[in-house]
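Enquirer: Listed in order, the protein sequences are those of chains A and B.
Residues in the first sequence are numbered consecutively from 0, following our numbering.
Residues in the second sequence are numbered consecutively from 2, following our numbering.
Any given hint might turn out to be false.
[Claimed, not checked] Chain A is faced by these chain B residues, among others (derived, beta-carbon under 8 Å):
hint, residue
1, Ala25
2, Glu26
3, Ala33
4, Arg34
5, Ile35
6, Arg55
7, Gly57
8, Glu69
9, Ala70
10, Gln72
11, Arg73
12, Leu77
[Claimed, not checked] Label-pair restraints from in silico Cβ distances:
hint, chain 1, residue 1, chain 2, residue 2, range
13, A, Ala40, B, Ala68, 20 to 30 Å
14, A, Pro21, B, Arg41, 19 to 29 Å
15, A, Pro21, B, Asp451, 51 to 61 Å
[Said to hold, decoys possible] Some chain A residues judged to face chain B by a derived CB distance under 10 Å, without partners named:
hint, residue
16, Gly24
17, Thr28
18, Ala42
19, Ala45
20, Gln48
21, Arg52
22, Leu53
23, Gly55
24, Arg56
25, Ala61
26, Thr66
27, Asn68
28, Arg71
29, Ala72
30, Glu94
To be clear, the hints were calculated from the coordinates, so they are not data collected in a lab.
Every residue, glycine too, gets a C-beta built ideally from N, C-alpha and C.
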Amino acid sequence: MAQPILPGNLEILVLKALAAAPMHGYAITDWLEQRAQGKLALADSALYQALYRLEGRRLVKATWGVTDNNRRAKIYQLTEKGRAELRTESAKWNEYAAAIGAILSTRVSS
Amino acid sequence: MLILRRLFRVHERTPARRRDDVDAEIAFHLQARIDALVARGWSLEDAAAEAVTRFGDPAVQRTVLLAEAEQRDRQLDTVDRFDSVVVEARLALRRLQRAPLFALGVVATLALGIGANATMFAVLDRLFLRPPPHVASPERVYTLIGEPRHQISFPAFMDLRERLAPSASIAVQTMAWPLPIGRGDDGQSAKAIFVDDQYFRLLGVQPVVGRFFTADDAAAPEVVIGYALWQRAFDGDPAVVGRELLVSSTHVRIAGVLPDGFNGVGDHPIDLWIPITLAAGLLPGGGAAWQWRTADNAWLTPIVRITNDTRAQAMQARVTSILQTSARERATRDTAATAELRSILPQRAGLTPEARIASLLGAVSLLVLLIACANATNLMLARVLQLEREIGIRIALGISRRRLALGLLAESSILAALGGVAAVVIAIAGTAVMRNVLLDGLTWAGRLVDRRTVAFIAIASALVALITAIAPSWFALRRIDLTSLVGRAPRGDVGGHHHMISALVVAQAGFSALLLIGTLLFVQSLTRVRDVPLGIDAAHAVAVTLDGRTLRSLGPRANELFDELRTSVARVPGVESVALVEGAPFSKWFLATGIAVPGRASTLPAIAQGAFIRAVTSPYFTTMGTRVIQGRVFGNSEDRADGELVAIVSASIARSIWPAGDAIGRCIRLGTDSMPCRRIVGVAEDTRESVARVSASDDPYAAIVYVPLSQGRHTVGARMLVARVGSSANATIASIRRAVHAAEPTIPLPEVWLMEAHHDPELRPWRIGATMFGIFGGVALLLSALGVYSVIGQSTARRARELGVRMALGARAADIVWLVGVQGATLVAIGLGIATLSAIVLAPLVQPLLFETSARSPVVYASVVAVVLVVGVTASLVPAVRATRLSPISVIRSD
Chain A
0 MAQPILPGNL
10 EILVLKALAA
20 APMHGYAITD
30 WLEQRAQGKL
40 ALADSALYQA
50 LYRLEGRRLV
60 KATWGVTDNN
70 RRAKIYQLTE
80 KGRAELRTES
90 AKWNEYAAAI
100 GAILSTRVSS
Chain B
2 MLILRRLFRV
12 HERTPARRRD
22 DVDAEIAFHL
32 QARIDALVAR
42 GWSLEDAAAE
52 AVTRFGDPAV
62 QRTVLLAEAE
72 QRDRQLDTVD
82 RFDSVVVEAR
92 LALRRLQRAP
102 LFALGVVATL
112 ALGIGANATM
122 FAVLDRLFLR
132 PPPHVASPER
142 VYTLIGEPRH
152 QISFPAFMDL
162 RERLAPSASI
172 AVQTMAWPLP
182 IGRGDDGQSA
192 KAIFVDDQYF
202 RLLGVQPVVG
212 RFFTADDAAA
222 PEVVIGYALW
232 QRAFDGDPAV
242 VGRELLVSST
252 HVRIAGVLPD
262 GFNGVGDHPI
272 DLWIPITLAA
282 GLLPGGGAAW
292 QWRTADNAWL
302 TPIVRITNDT
312 RAQAMQARVT
322 SILQTSARER
332 ATRDTAATAE
342 LRSILPQRAG
352 LTPEARIASL
362 LGAVSLLVLL
372 IACANATNLM
382 LARVLQLERE
392 IGIRIALGIS
402 RRRLALGLLA
412 ESSILAALGG
422 VAAVVIAIAG
432 TAVMRNVLLD
442 GLTWAGRLVD
452 RRTVAFIAIA
462 SALVALITAI
472 APSWFALRRI
482 DLTSLVGRAP
492 RGDVGGHHHM
502 ISALVVAQAG
512 FSALLLIGTL
522 LFVQSLTRVR
532 DVPLGIDAAH
542 AVAVTLDGRT
552 LRSLGPRANE
562 LFDELRTSVA
572 RVPGVESVAL
582 VEGAPFSKWF
592 LATGIAVPGR
602 ASTLPAIAQG
612 AFIRAVTSPY
622 FTTMGTRVIQ
632 GRVFGNSEDR
642 ADGELVAIVS
652 ASIARSIWPA
662 GDAIGRCIRL
672 GTDSMPCRRI
682 VGVAEDTRES
692 VARVSASDDP
702 YAAIVYVPLS
712 QGRHTVGARM
722 LVARVGSSAN
732 ATIASIRRAV
742 HAAEPTIPLP
752 EVWLMEAHHD
762 PELRPWRIGA
772 TMFGIFGGVA
782 LLLSALGVYS
792 VIGQSTARRA
802 RELGVRMALG
812 ARAADIVWLV
822 GVQGATLVAI
832 GLGIATLSAI
842 VLAPLVQPLL
852 FETSARSPVV
862 YASVVAVVLV
872 VGVTASLVPA
882 VRATRLSPIS
892 VIRSD
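Chain A extracted, bound-state conformation (with noise of 0.2 Å):
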């Protein structure tokens, strides 16, 4: 059963996914999807609500580009502050899960 991403940690995959290569948002989907393999359950439309969002905070900026099968996309790419957002942000996370790991991985006799 895949579980539903939390708004508030989608924004960090996405500048994950954005610090590989700029893209645009059917690709982002595309390439969370895939590293998910399935144990993530995405909304199509809660991936550009954070785009948004990311870019209303100068973490992300977007222009208008062209695919390589022609067609007109809009592509977002990772500022400065975005690479920085990313750093911080995923230290936290990873420091986070490690912390609720070692709790849950402590034997307890019952």
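Since chain A is already given, all that's left is putting chain B on it; use the hints.
Expert: Chain B only, in chain A's frame:
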């Protein structure tokens, strides 16, 4: 590069654009999903259905995304706006760094303009906008001015106090008198006023140390001292309370000290507040016999505080009626007197001459600021022209015109801000000058350039930034377009710009001409005022006055004392002659007398009005520099006490009583018909102590009868010594002071003063006018000359090609100079025409401030026109001559 990219990005975040974007993005997403699914072997139909399922209902999601996009755009707009300000400011700063001379020119111009205004603001603020310090609710406090006699008597005051309660409380004060305090080397002069015990409570002031005196202090007299005297004479020692102080020859105790800056309801410094019950003993004209409590003696100024719900108008009517009733009851002559309640708030009271001059100067400084703004605008316009290509490029790159205007505003803001900072420095220097020139004698607690002045400078700078940005922005937005990029032919024909700059030059020339006209009018007034004959050589006549109480206490020994003084002063080097006088000019003493002349009706105005007695010893007339125009002066031998009674009359008396010019030898009686005859032995020229009373024939103070002191009334309290001194008056005065102290160490220090010192303050309004108008007018003329110079310079630079062609075709240097020079002269001439018309229209405003000078004096107007024209033409000839040095070939090639 980031800056450039950001700068030139096109921001168009319109709703329509947003809708298109979102729709296109959704469509693209769905299409991409379908393509991917189809590529994986789905049927087109299934793929389409799946894409919509994954995306959600497109109609619903579209609304959600649009809302999100709108919020995003709002966020971006805010940041952009801030960014663009920062970016434009940074660009402006960089542009200014590249043009330091231009920046310096504008900053200096604006600093002068703003600084002049800040100076005047600081002064006007003090004169008009601040109530007397330390007075509680000053808006309800009034001074009572009577008409025709300004002061009222003590009984009238007591009637007022009794009958005004409870809707008003009332206290009383006298005018300020200089009184000697201390003795010998520690002695000094202090300005004292006499007040009643209610005075401090009415004003609501609190002492900084000690307390105030009360009604039951009569047995042990106490005084309150001012903060300045406390600091000056007691080093601010709090233990001063209870200490003994010698005022005149009376010992009093110090009860308390008033706060810094407190001067009662006025703005002239006061050192000493003395209970009015002591006035009789301390006042120079007083004495035990002086009836200060009688209804005839009007010498008090009441201060009235009205309650919250009382109207000043109604109170004024009530005060008038009480005073008239009181006069009838006490049978004085004030039964028709009226009273005016004058607010102690400077903005509600009438204008003093200083205040009137200061307001005029305020208006003048505004003119200077306008000239400065015109000049700055001018320079900025010229720069816009230089930056034409850069601006054109930015327009071509799609930068919004609003953004361009923002850039120019950033530039003018930086310049105005720097100008404002420099203006603070100018204002500090300017107020120091004003303090000495204009407001000498007024008290100023604290610095003149305070927070209010700095706030004024900030606001003025902001306004200046806006004003100077308007014209260049307008020009940049309207006149520059893409054609600027390719250059236009013929170059330099930029109509709108040229007209605007020309208008500015016209305005500048006009403004500075106006100011110069003002300068000359005041200079002429000052000269005329100085030329008024006083009949007294006040610049060389020194008075030595003793404290009245000391004189009275000496009794018959006073004659001895004066003789000793006369001898010791006469020995002082620099003293040319010495005489004694009772009722001297510039003193407080007018010894009035009735006169009677055999064979002349007592109803003759000159006789009915009476005269003033001046009892003098020889050589009074040469000492004072008063000419005896007919007959002889008094001699020592013949005009003794037991000799024939003689008199010298002033020309004004001689003229009105004996119009035929035969006054010599006639008889005049001082007092009534029954008095003995005095034979007139001489006629002295008229003297006057005030230029305000210019025409001597109307001046009752010019009716003077001189008698030998030995034959006079011996009013010792009014006696003083006068000395004629040579050129270095001040040094001689100091020597006289030392000599008197050495000769008479036991008496309180006499006052020694140059008679001119009493005449001088009268000339102040005109001196201030001449000085300040002169400074402002000079600055204005300089700024205008720079303005004309830069405009003609720019215009010549723009016309370089045209001029080059002309020269190539054989124009001579003189032709070129003429061509360029005429341009400048025309603009200046137009400005002068407007200025002259304005001056004629504005003349009635200035007329009351002038002395025997017409505000429409053709001579003044003509001289100013000539000066400004010469300066203007010279300023335009410099670039004109430079233009002739152009090499025609290189100029034409450069295109």
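Enquirer: Would you mind marking each hint as holding or not holding in the structure?
Expert: Taking the hints in turn, this is what the structure says about them:
1. Annotation: B:Ala25 was flagged as interfacial toward chain A, and the flag holds, the nearest CB pair being 7 Å apart, inside 8 Å.
2. Interface hint at B:Glu26: satisfied, since its Cβ lies 5 Å from the closest Cβ of chain A, which is below the 8 Å cut-off.
3. A least Cβ separation of about 4 Å between B:Ala33 and chain A falls short of the 8 Å threshold, and the interface hint therefore holds.
4. Nearest Cβ of chain A to the Cβ of B:Arg34: about 6 Å, under the 8 Å cut. The hint holds.
5. The closest approach between the C-beta of B:Ile35 and any C-beta of chain A is roughly 10 Å, which is over the 8 Å cut-off, so the hint fails.
6. Interface hint status for B:Arg55: upheld, as the beta-carbon distance to the closest one in chain A is roughly 5 Å, under 8 Å.
7. Taken as an interface hint, B:Gly57 checks out: its beta carbon lies about 5 Å from the nearest beta carbon of chain A, inside 8 Å.
8. Taken as an interface hint, B:Glu69 checks out: its beta carbon lies about 4 Å from the nearest beta carbon of chain A, inside 8 Å.
9. Taking 8 Å as the C-beta contact cut-off toward chain A, the hint placing B:Ala70 at the interface holds, the least distance being around 5 Å.
10. With its C-beta approaching chain A no nearer than about 7 Å, B:Gln72 sits inside the 8 Å limit, and its interface hint holds.
11. The interface hint given for B:Arg73 holds, since its Cβ lies 4 Å from the closest Cβ of chain A, which is under the 8 Å cut-off.
12. This hint holds: B:Leu77 has a C-beta 6 Å from the nearest C-beta of chain A, less than the 8 Å allowed.
13. Checked against the hint of 20 to 30 Å, the C-beta distance between A:Ala40 and B:Ala68 comes to roughly 23 Å, which is consistent with it.
14. In this structure the hint that A:Pro21 and B:Arg41 lie 19 to 29 Å apart at CB holds, the actual value being about 25 Å.
15. For the hinted restraint 51 to 61 Å between A:Pro21 and B:Asp451, the CB-CB distance of approximately 59 Å keeps it satisfied.
16. Against a cut-off of 10 Å between C-beta atoms, the interface hint on A:Gly24 holds, since the closest Cβ of chain B lies about 5 Å away.
17. The closest approach between the C-beta of A:Thr28 and any C-beta of chain B is roughly 8 Å, which is under the 10 Å cut-off, so the hint is satisfied.
18. Because the beta carbon of A:Ala42 sits about 6 Å from the nearest beta carbon in chain B, less than 10 Å, this interface hint is met.
19. At its closest, the beta carbon of A:Ala45 sits 9 Å from a beta carbon of chain B; the interface hint therefore holds under the 10 Å criterion.
20. Hint on A:Gln48 holds. Least Cβ distance to chain B is approximately 5 Å, under the 10 Å limit.
21. A least Cβ separation of about 7 Å between A:Arg52 and chain B falls short of the 10 Å threshold, and the interface hint therefore holds.
22. About 9 Å separates the beta-carbon of A:Leu53 from the nearest beta-carbon of chain B, less than 10 Å, and the hint is met.
23. Satisfaction of the interface hint for A:Gly55 is found here, the shortest Cβ-Cβ separation to chain B being roughly 4 Å, below the 10 Å cut-off.
24. At its closest, the beta carbon of A:Arg56 sits 7 Å from a beta carbon of chain B; the interface hint therefore holds under the 10 Å criterion.
25. Annotation: interface hint on A:Ala61 holds; nearest CB of chain B at approximately 9 Å, less than 10 Å.
26. Taking 10 Å as the C-beta contact cut-off toward chain B, the hint placing A:Thr66 at the interface holds, the least distance being around 8 Å.
27. Annotation: interface hint on A:Asn68 holds; nearest CB of chain B at approximately 8 Å, less than 10 Å.
28. Annotation: A:Arg71 was flagged as interfacial toward chain B, and the flag holds, the nearest CB pair being 7 Å apart, inside 10 Å.
29. The interface hint given for A:Ala72 is met, as the beta carbon of that residue sits about 5 Å from the closest beta carbon of chain B, less than 10 Å.
30. Look at A:Glu94: its Cβ only gets to about 29 Å from chain B, farther than 10 Å, so that hint breaks.
Hint compliance for this structure: hints 5, 30 are not met, and every other hint is.
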